[in-house]
Amino acid sequence: MEFAKKDTQVLGVSCDSRATLAAYNLSLGPSDSYPIRLLSDFHPHGAMTRSYGLFNEENGAPFRSIVIIDKKGVVQFAQRYTSVRQPGATGQGETESDLSVASILTEIDRTCY
Amino acid sequence: MIEVGQPAPNFTLTDHNRRLVSLDRYRDIQNVVLSFFVFAFTDN
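Chains as they are written, first to last, in my numbering: chain A, 1 to 113; chain B, 1 to 44.
Just so you know, these hints were derived from the structure itself, not from any lab. Any given hint could be a false lead.
Which stretches of chain A does chain B cover? Using the computed rule of at least three CB atoms under 8 Å from a CB of chain B, they are [to be verified]: (1) 6–18; (2) 63–76.
Between beta-carbon pairs, the in silico distance windows are [as the list claims (entries may be wrong)]: (3) A/G60 <-> B/L20: 32 to 38 Å; (4) A/T95 <-> B/R19: 30 to 36 Å; (5) B/G5 <-> A/A102: 23 to 29 Å; (6) A/D109 <-> B/R18: 32 to 38 Å; (7) B/G5 <-> A/H43: 17 to 23 Å; (8) B/E3 <-> A/N59: 21 to 27 Å.
For every residue, glycine included, the Cβ atom is placed at its ideal position computed from N, Cα and C.
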């Protein structure tokens, strides 16, 4: 519950259908570190993801990204990451490696308090 | 991509348990980490 200790909710977002996300959540099993909620941006397709400028028109899915929002509703961190399937194929504005949970927590400490 | 310092666009989406989730319900209560992923059941 590291995120709960920092008054932080983690929301996973994809453009998959809700039923797909329900099955995916079951496959992930219970999480010890944080309760994640998976949100479906399926219909109208990608509307929320587009509003954050993170919709990939080429595959109809979000860019792999992390956005941290403080309690006032202000964006404090936003970063795109390279596809896991294509290491080295870093696109414009993308970072090679994902943030670890620890570094996300550090970023929350640095920017939200 | 949205930039640091901008207000986060509000949204209302359905979660995997059919519950509606709106960003503004977290206002003044919790920070929010949005973890955008490409497709379920993949490594992305």
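Cross-check of the supplied hints:
1. As drawn, the region 6–18 of chain A meets chain B at 11 residues by the rule of a beta-carbon pair under 8 Å; at three or more, the given contact holds.
2. Residue count for the region 63–76 of chain A with a Cβ under 8 Å from a Cβ of chain B: 14. That meets the three needed, and the coverage hint holds.
3. For the pair A/G60 and B/L20, the beta carbons lie near 23 Å from each other, so the given range of 32 to 38 Å is not met.
4. Under the hint 30 to 36 Å, the C-beta atoms of A/T95 and B/R19, about 32 Å apart, fit the expected range.
5. A C-beta distance of roughly 25 Å is found between B/G5 and A/A102, which places it inside the suggested range of 23 to 29 Å.
6. Between A/D109 and B/R18 the Cβ separation comes to about 34 Å, which falls inside the hinted range of 32 to 38 Å.
7. Distance hint check for B/G5 and A/H43: the Cβ-Cβ separation is about 31 Å, which falls outside the suggested range of 17 to 23 Å.
8. The given range of 21 to 27 Å is respected by B/E3 and A/N59, whose C-beta atoms sit roughly 24 Å from each other.
Of the hints listed earlier, those the structure fails to meet are numbers 3, 7, in rising order.
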